[in-house]
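Engineer: Sequence:
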Amino acid sequence: MPRQFPIREVTVLSLNKTSDVSRITPTSKMASFGERSFNLQALFNFDHLDSRFQTHLKNVYSCLALGMLSAALGAYTHFVTGLGQWYFLTSIVSIGLMIWLASTRHSKEDVGKRVGIFTGFTFTSGISLGPLLELVIRIEPSIVSTALAGTAVIFICFSLAALLTKDRMFLYMGGILFSALGWLTLAGFLNIFFGSEMIFNIYIYGILLVFSGFVLFDTQLIIEKRRRGDEDFVWHAVDLFLDAIQIFRALLVILAKKEDDKKRRRN
1 MPRQFPIREV TVLSLNKTSD VSRITPTSKM ASFGERSFNL QALFNFDHLD SRFQTHLKNV
61 YSCLALGMLS AALGAYTHFV TGLGQWYFLT SIVSIGLMIW LASTRHSKED VGKRVGIFTG
121 FTFTSGISLG PLLELVIRIE PSIVSTALAG TAVIFICFSL AALLTKDRMF LYMGGILFSA
181 LGWLTLAGFL NIFFGSEMIF NIYIYGILLV FSGFVLFDTQ LIIEKRRRGD EDFVWHAVDL
241 FLDAIQIFRA LLVILAKKED DKKRRRN
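Position 35 of the sequence shown, counted from 1, bears residue number 35 in full-length UniProt numbering, the numbering being contiguous throughout.
Hints listed in this document are in silico derivations from the structure and should not be mistaken for laboratory results. Warning: the hint list may mix true and false statements.
Claimed, not checked - The calculated lysine-lysine pairs, modelled on DSS-like cross-linking and capped at a C-alpha distance of 30 Å, are:
hint, residue 1, residue 2
1, K166, K113
2, K166, K58
3, K225, K113
4, K58, K113
5, K262, K58
6, K166, K225
7, K108, K225
The whole structure should be built from the sequences, with the hints applied where relevant.
Structural biologist: Laid out in structure tokens, this is it:
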């Protein structure tokens, strides 16, 4: 659907005091650059989190990285074997593994077992994602890498925002996010019968927005849970994995739809 963007005038403000301009020397520019470099280093400064939280977050993100690799392997398995065609079966297996993981308690003795269950869950999730990836590749192969890069940017930026905020203001977003997710789920279900493009667009862009918000919420919730003694980094990785995979799905659909509409207009 073509969109027309209004032309906006850009107003350039000039400096009235030439004396202020004359003060900008090469030396001052270098000093300013040095200060900016220092501030960029401060971007990854998590000194406000003590060693307990830093260690826990390392475990969470290490487990999440393992899950992402497992999901990628699962998606590749679909292309080789076509297992993703059995979407209903793989989805049931994936949900079953997640329930199994949720029913096991975190302990040092069971860490290996629970990581194995988590890996199986992410692997079957990757298989279930295979048919969508296959469809998108038929439209335009570059969409996959673009969606992957977009997911990484959104996830990293929102995670840093949550980690660098000393107060836990994003925890208050939980009620809004879960309520919005409920309405979007209802809209998506009803649209199966109505087939409205407007409802579909609201649904898919809403999913992208809501799960981006969940990255903020879940990241701070993980810190708060650890503060209260919850050391279950495997289940915390599940929360973030679900956020990332939904963002990736939404970007795939949005980009594929735009590319498909563009090709139809050309024809």
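Engineer: Each hint should be assessed against the structure and marked as holding or not.
Structural biologist: Status of each hint after checking the structure:
no. : hint          : in the structure
1   : K166 <-> K113 : violated, 34 Å
2   : K166 <-> K58  : holds, 18 Å
3   : K225 <-> K113 : holds, 22 Å
4   : K58 <-> K113  : holds, 19 Å
5   : K262 <-> K58  : violated, 43 Å
6   : K166 <-> K225 : holds, 15 Å
7   : K108 <-> K225 : holds, 18 Å
In this structure, the earlier hints numbered 1, 5 are contradicted, and the remaining ones agree with it.
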